[in-house]
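Number of protein chains: 2
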Amino acid sequence: MTKAIVLVSGGLDSATILAMALRDGLACTAVSFDYDQRHRGELASATAVCRSMGVNDHRIVRIDPGPLSGSALTGGGDVPHPVDVDQIGGGIPDTYVPARNTVFLALSLAMAEGLGASELHIGANAVDYSGYPDCRPEFISAFDSLAQVATKAGVEGNPIRVKAPLLYMSKAEIITTGSQLGVDYGLTCSCYDPGEGSQPCGQCDACFLRAAGFAQAGVPDPLLEAST
Amino acid sequence: MTKAIVLVSGGLDSATILAMALRDGLACTAVSFDYDQRHRGELASATAVCRSMGVNDHRIVRIDPGPLSGSALTGGGDVPHPVDVDQIGGGIPDTYVPARNTVFLALSLAMAEGLGASELHIGANAVDYSGYPDCRPEFISAFDSLAQVATKAGVEGNPIRVKAPLLYMSKAEIITTGSQLGVDYGLTCSCYDPGEGSQPCGQCDACFLRAAGFAQAGVPDPLLEAST
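Protein chains in written order, with my numbering: chain X, 1 to 228; chain A, 229 to 456.
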């Protein structure tokens, strides 16, 4: 049985890849990262997502927040609230966290090698996304190349590969796929700046992209249904 | 003034690259990592090395030890004591820590971007070394390629580059270079399995490589001089 490390943030993209990996029969270890992010409530969502899919091996890895500072998501300023969804992805927003996916994948790579897992699954998406450099195909490809030379497993002919199954999918396609797999999107959270009781702000990039995705998929967002 | 992040472990290689970076006029931030390593005393050596060279900005970043477990250096077994120095580097030893340099460089990359540094300096060496996959030229090259697509700085045309100035140097050449730059190797520690008072065991790969390097350079090791 192939073992995979699945990066689960608590958002809808990673909930979908976890469901896809389980559909494909992989033995999944889920990993989430605690780096004092503003939207740290996403860790509870990640735990709920894992439980709902019967994934018992969910690890929360603490990251020293020092190196990741200097972002609106790590206390370095306000989360921007765009007025026009078409502006999203046109530049790198203030919510970019320096080298975040590099750090996440590096720690996941170490974990994979320790556990004998052969795949890392990440919900990076380069279609309906915020413009982060480390969600692009060239980043995923470069990390996959790195992983092949970075580890003992790679040198011994069993490299750990990076899988980003959502890379070229629209948000609507992701939601449609996940819905067909029974993902409970009511357990996920996407908002960068949630209020009391983890209510989405409805105004940040992530809220805009989520709303547009559900609208395009023709599916109601259970998170909003529940809050109204 | 070019800013650089210099990875300082407390060993002799990284002490040498710190001296070389200062010689080259770089504004250096030193970084060390605490991952509950068996030879955690190296962090005190790293601090002493930085102080001796007047580097005031020395940061110790904590890494959740979970992902890095499964090595003789992180509690996963005994440190091997080879009987023949020629055996060193012939395979990947039990002291290999999964994806360690990938994790170290990833966190350093994040830190560099936050601080506006344009270079990462690492003391990786592929000549007189223990055979770790993440000390080889192909690893350094792959991480450098990754860094160019992973960050906002890279996308904006100012990629953070990886420098490994010792990559093709013998241990003797490293020691000779550092000695000329006034590095006090008596402050460094190399041993994987130090005893009481941080005394080197004299029997692990790192002790063997260090001893052979000093012998070949024709320089006495001040660490041994002090202990006798």
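Check before you lean on any hint, since a few could be wrong.
Claimed, not checked - With a straight-line cut-off of 27 Å between C-alpha atoms, the simulated DSS-like cross-links for lysine-lysine are: (1) A:K391 - A:K380; (2) X:K3 - X:K163; (3) X:K152 - X:K3; (4) X:K152 - A:K391; (5) X:K152 - X:K163; (6) A:K231 - X:K163.
These are computed hints drawn from the structure, not numbers from a lab.
Original post:
Can you give the numbers of the hints that this structure goes against, from lowest to highest?
Top reply: 6
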